[in-house]
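Colleague: Work out the full structure, taking the sequences as your base and the hints as a guide.
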Amino acid sequence: MECSFEQEALRQTALAEAKVGNYADAIALFDELLGQNPLNATDYNNRGLVHFKCRHHEQALADYNMAIALDASLDSVYNNRANYYAHHGDLIGALLDYDMAIDLNPYNVRAWINQGITFRDLNMYGRAVECFDSALNFCTLQEHIYLERGRTYHLRGDWNCAIADYQRVINYVVEICDQLGEREIHLLTQAENWLDELLAPLVAF
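Under our numbering, the letters of the sequence shown match residues 220 to 424, in that order.
Some clues are possibly wrong.
Unchecked claim - The calculated lysine to aspartate or glutamate pairs, modelled on EDC-like cross-linking and capped at a C-alpha distance of 20 Å, are:
#, residue 1, residue 2
1, K238, E401
2, K272, D244
3, K238, E251
I should point out that these hints are in silico values taken from the structure, not numbers from a laboratory.
Modeller: This is how it looks when you write it as structure tokens:
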């Protein structure tokens, strides 16, 4: 029991280091954890994610594959491996892994969002919107979903729908202006930039 408690404390420290960008320290801690328990799929998944953020892409893929070999029911690792595939241009491989993540956990909102973005990259705008609509049902990350759905409408030529979604994001950020973090600033900047891009031809005209 004590060993398990110590491992969990070490795991939480590794996750905290990764969250603040201390990736080398996080990887070292996950190395230590996996040295103690080389059969922990979650630790492989988390170390893979940190490797990916460090652009150690081959190490990331190896960790994701090991995590799946140890626990094929871990939905988050399929989402992470799909992100690897998408980054390297294998959009079909990415879609298959996002599908698996969603099949294992229909509440995995990030997998729905990422799948929608991938469909959009394939110019399959209708399928992309369906993914974003499904993601909205779970009442989390909604401003992120509106941003990506707005971009999809924008690229499809549904400008009124795009403007409405961009404005939803802007309104959300303005309402919490006293609590802005890096994520909210990114959302606001992206929504404003895409809205300006959409409106520029109209202003010029």
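Colleague: When the hints from earlier in the document are held up against this structure, which numbers fail?
Modeller: none
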